[in-house]
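Enquirer: Now for the letters of each chain:
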Amino acid sequence: DGGITQSPKYLFRKEGQNVTLSCEQNLNHDAMYWYRQDPGQGLRLIYYSQIVNDFQKGDIAEGYSVSREKKESFPLTVTSAQKNPTAFYLCASRDRQGRNEKLFFGSGTQLSVL
Amino acid sequence: GDSVTQMEGPVTLSEEAFLTINCTYTATGYPSLFWYVQYPGEGLQLLLKATKADDKGSNKGFEATYRKETTSFHLEKGSVQVSDSAVYFCALRGDNAGKSTFGDGTTLTVKP
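Line order of the protein sequences matches chains Y and E.
So the first sequence is numbered by this note's numbering: it starts at 1 and just counts up by one.
So the second sequence is numbered by this note's numbering: it starts at 1 and just counts up by one.
This is chain Y alone, in the form it adopts within the complex (with noise of 0.2 Å):
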């Protein structure tokens, strides 16, 4: 079956350290887009991909960094910089070609610190 898995499911960072959030999609999805969201707010957008080797910030990029060098995967690291990361955060992607697609989600990686 076609579809998005996040892994871990939880993650904990310990203070002063990066992590990684695995993100890969087998739907042959050109864009993907990475989520932050905390209790009873919507969807805030961190980096968002329309295409392999390139990237731009959303609204809230700062402490974050990602990397698309394959159309399947799209991690992103929570730096020691983002002072604030323990969230829910959502990877989705979307067909490109339809400009009125929907979004496919991933199930969420839920990040706290230690």
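Since the hints were derived computationally from the structure, they do not count as laboratory data.
It cannot be assumed that every hint is accurate.
[To be verified] The calculated lysine-lysine pairs, modelled on DSSO-like cross-linking and capped at a C-alpha distance of 30 Å, are:
| no. | chain 1 | residue 1 | chain 2 | residue 2 |
| --- | --- | --- | --- | --- |
| 1 | E | K99 | Y | K70 |
| 2 | Y | K9 | Y | K71 |
| 3 | Y | K71 | E | K99 |
| 4 | E | K99 | E | K60 |
| 5 | E | K52 | E | K99 |
| 6 | Y | K9 | E | K52 |
| 7 | Y | K57 | E | K99 |
No experiment lies behind these values; they were computed from the predicted model shown.
Following the hints, complete the assembly by docking chain E onto the known chain Y.
Expert: Below, chain E alone, put in the same frame as chain Y:
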């Protein structure tokens, strides 16, 4: 820039009650509009969508009509069930093809 404003929650209803969740938007051009649903501990799933003015999206008894004159896309269901308990997000995808904008979400709890 684009923005989406949703009715604040939480919303608590009894089973078989009528549901309305209000959503209004601000965008340039002609956005596509979406409702997504999120169950606890999961990602979002598309519930319904509408791509142009006066379109009605519908799925699983839920409906929403794209009203350009009032810039609204209110979600309705005639008779809710306990299984409808979830968080509902209104979203738009505007002329900037790379990005979607989401509302803050409305938590719905349906009691037996």
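Enquirer: Each hint should be assessed against the structure and marked as holding or not.
Expert: Here is what the structure says about each hint:
For the given pair, E:K99 sits about 20 Å from Y:K70 by alpha-carbon distance, which is consistent with the 30 Å threshold. Taking the CA atoms of Y:K9 and Y:K71, the gap is about 22 Å. The hint holds against a cut of 30 Å. Distance check on the hinted pair: Y:K71 and E:K99 sit about 18 Å apart at the alpha-carbon level, within 30 Å; holds. Simply put, E:K99 and E:K60 have alpha-carbon atoms about 27 Å apart, close enough for the 30 Å limit, and the pair holds.
Restraint check for E:K52 and E:K99: satisfied, since their Cα atoms lie roughly 18 Å apart, inside the 30 Å limit. For the proposed pair Y:K9 and E:K52, the alpha carbon gap of about 37 Å is over 30 Å, so the pair is violated. In summary, the hint linking Y:K57 to E:K99 is supported, as the alpha carbons are separated by about 11 Å, within the 30 Å threshold.
When each numbered hint is compared with the structure, a violation occurs for hint 6 only.
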